[in-house]
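Visitor: Required output: the full structure, derived from the provided sequences and hints.
Chain order of the listed sequences is P and V. Sequential numbering of the first sequence, starting at 1, is according to this note's numbering. Sequential numbering of the second sequence, starting at 1, is according to this note's numbering.
Hints in this document: simulated from the structure, not taken from any laboratory. If you're wondering where the values come from, they're calculated on a predicted model, not measured in any experiment. Backbone N, C-alpha and C define an ideal beta-carbon position, used for all residues, glycine too. Be aware that a few hints might be false.
[Unchecked claim] Here are the simulated lysine-lysine pairs, DSS-like style, with alpha carbons at most 27 angstroms apart:
1. Lys210/V x Lys309/P
2. Lys210/V x Lys197/V
3. Lys349/V x Lys282/P
4. Lys308/V x Lys303/P
[To be verified] Reference excerpt, derived from the structure (chain P facing chain V, CB under 10 angstroms, subset only):
5. Val82
6. Glu90
7. Ala340
Next come the chains, spelled out residue by residue.
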Amino acid sequence: MNDETITINGNECRFEKGQTILEVAEENNIYIPTLCYLKGATPTGTCRICVVEIEGYRRLETSCTTPAEAGMVVLTESPKVVASRKETLELMLASGNHNCAIGFNRGEDWTSVQLKTQEADDAGELCPAWGDCRLQELAYHYQVDGSKYAKRDVKYPMETVNPLIVRDFSRCILCGRCVQACNEIQVNRAINFGYRGADTKIVAGADVPLKDSACVFCGECIQACPVGALVEKKARYTWRPWEVNKIRTTCPYCGVGCQLWLHEKNGRIVKVTGVEDGAPNKGRLCVKGRFGYDFIYSEDRLKTPLIKKNGQFQEASWDEALDLVANKFKEIIKQDGPDALAGVSCARSINEDSYQMQKLFRAVFKTNNIDHCART
Amino acid sequence: MFLVIGSNMAEAHPVASTFLKNAVLKGAKLIVIDPRKHRLVDFADVHLQLKVGSDIALLNALMYVLIDENLYDKEFVSSCCVGFEELKEKVLAYPPERVVDICGIDAEKIRDTARFLASVKPLMLCYTLGITEHTCGKNNVMSTANLQMLLGNMGVECGGVNPLRGQNNVQGACDMGALPNVYPGYQAVTNPDACAKFETAWNVEGMSKKVGLMIPQMMDGLVDGSVRGFYIFGENLANTEPDMNKVAHELSSAEFIVCQDIFQTETTRFAHVVLPAAAWSENDGTFTNSERRVSRVRTASTPPGIAKPNWWIFKEIARRFGHDWPSASAQEIWDNEVSVLAPNFAGIKYHRVEKDGLQWPCTDEQHPGTCYLHHGGQFTCGLGQFRPVDWTPPAEVPDEDYPLVLSTGRRLYHYHTRTQTGRCGGLNDLLGEETADISLQDASRLNIENGEIIRLISRRGEVNVRAKVTPEVSEGMVWMAFHFNDANANWLTNAAFDPDTLTAEYKACAVRIEKLSN
Ligand code: SF4
Ligand code: SF4
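Guide: Next up, the structure:
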């Protein structure tokens, strides 16, 4: 343990060598807003939202990249800091199509707001990330409305040709979180910064649609995107955060057992995200875990028991079907003993189901003829 | 350092592979042993592209070098292991030069790799079905354990032998005793004490102490009439078992089949009764992942129609036999039965796994769970036992008529027979049909273009399938998955099994390619 301290907003905070000011603040429950900062990736200081004032320093420094040094005196919400954040936010709001009713030039009437929305998104709704947007949150917090600068037109059209992911460059604030998620967290190396200056864009490969790039559709970039620039195609416009319950569960596919948040609205899963900090996946998911949930709503689901009569399946009640199964099994046991029955359990279903099935075979039928495809 | 053998992690266990790639970016070393140049190979320091089914020969040769050059962990071997002399005798018959033809790898490369393996500690060995889905699957597994014991990499964090379990809950289904030889928690059915314990707990008498049948034996029983009633819960055997024509014959011979599932599948066609089950996220429960971590599964929607939770269906059948089972929810089943009956899970209760799960063994409610086994060289049987094994070729090897090796596995965008992923928006757009992956060399020799439909023929069946010409596979090899019914690799695969585990040899059979058009 190190006895050296820094002072943040008048509080003495101990720190370990190598910790950044942001990390020390977080450990001490002092809030510093961040935007581009992505846990688990190298901090870049790109967005400049997390700036702080340090006594004796000429400029404001980004707290995510500045290591704590003994004796530092830091202010996280000084007038200078707040002014800088406001300016940063003004510029971000002006940089694109942030039509969530925060980012509008005041004085515009509601009808023209809606018309513009229609035109930009080909949808009658405001930004799909409205209510789930870090930029909007910060703009509200610092009461910034984007009226200071004229809105820039965005030259890159929305990319809707991909399965599962919609890329909307008009809302991209170039924070680089998606690039880090793809390169440092998932290490798929599909996207990066491309072009220069005002033309800067997040590009996949040689600026091709995601589907033609090295992208594997893990969706980590969507989860990292703080605004509405990367959105799940299936979830787009189907939900707002206040309408959903978040239910924690385990992915039904492979043996990694990733932890998922199911975003449930009116008894339906509308979207899935990873549980940040949850074991074993720390928020990461793959394409199946993130997007493979809607099979349960397929019209093809079996809805009633079926009994085959003359080669055709006919719908039956539970009593009919279960009585038939029980009677047939009883008859077989009586004639040929319990070992004339055999069962295969399911390696995809819950533990409790497998337990019940083997109990049925062992305790009720009295055979150990129970297996599952443990070997495939 | 990591040694990944027979595991296409980046597609089959994508999130696990991200952590491995993170470690590599931070400087960890990676050795990949695999017949295919799959995505992880981009990150590897060494890739040994061995011939399909030559794993044991290669591992023995690596151990030869470790012993011959005195590179193994003598302290660990002498204090924690037995059987070293036997191992030594066996592997000394495998000098690298001898296996060059079997494995298709240079002797010098094998030597270098062995030296590299010995130079970094700890080393974690990960394997998947590339190791087990062979007629010598069990021996393959023992070989990997031999190697790790020889290197002294057991019982340490980031060491050991780490099998990545295929399905989300295959670990759990084993743990729960859905196996013919053990009760929940791996208590042997042949052990009279265990049997008595479960009889008391379940309030019954006269349970069988005889080991039951494994799936392939059950299938044989359907044909010879010794198995008359067959209960298939959630498995699409018609498409997942090797040699689909044979499987269809077996299932159609059955006298009475009950299928319990969420969809009609190729298997339910053979059923006499189909029972509609609640799916994932339609009832509460637990899954156990590859790391033996028990995590919660929760309800988000209601099942369609009158579909019911699986555990309820089993309970209802038991009731018709006069057994009234008290537990009436997944939580009651776990908390009041499973964790009471299986000492390894005794400390795991629902209230303890509300957030992150717990890894068993977890023997009481204060126990924090166990992240890795064999701590400090402690094995279940006291000392680590070397089990030297000989290399044996796959049951079917290429010959004049069928000159290529077909190996199979999973792809990223789908899961098994697609009963689920095939019904998810977007996933079919990413991968809409099966392909046969073939090498550049074979493609040019047979004059086949990328994307052309070819016919693939084995002794058991044939499929027409689109060719994907790719540098991922080496000359002489064809690779396919089993996600689609039409061009399912299992029309071709060989129903040859490991004699002990009865795991089928999905990873190797002989095929030939026929060109359809000119
Ligand atoms: S979906 Fe995954 S692979 Fe594709 S760009 Fe996003 S992070 Fe990268
Ligand atoms: S999200 Fe992907 S890696 Fe994670 S458990 Fe599901 S299928 Fe496996």
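Visitor: Is the hinted pair Lys349/V and Lys282/P satisfied, with a Cα-Cα distance of at most 27 angstroms?
Guide: holds, 23 angstroms
Visitor: Once the shortest beta carbon distance from Val82/P to chain V is found, is it less than 10 angstroms?
Guide: violated, 36 angstroms
Visitor: Quick one, is the Glu90/P hint okay against chain V at 10 angstroms, beta carbons?
Guide: violated, 37 angstroms
Visitor: Close enough to count: is the Cβ of Ala340/P nearer than 10 angstroms to one in chain V?
Guide: With a closest approach of 5 angstroms, the Ala340/P hint holds.
Visitor: Is the hinted pair Lys210/V and Lys309/P satisfied, with a Cα-Cα distance of at most 27 angstroms?
Guide: The hint is violated at about 36 angstroms.
Visitor: Is the straight-line distance between the alpha-carbon of Lys210/V and that of Lys197/V 27 angstroms or less?
Guide: Answer holds: Lys210/V to Lys197/V is near 16 angstroms, not above 27 angstroms.
Visitor: Need the status of pair Lys308/V, Lys303/P: alpha-carbon distance at most 27 angstroms?
Guide: holds, 9 angstroms
Violation of the numbered hints given earlier is confined to hints 1, 5, 6; the remaining hints are satisfied by the structure.
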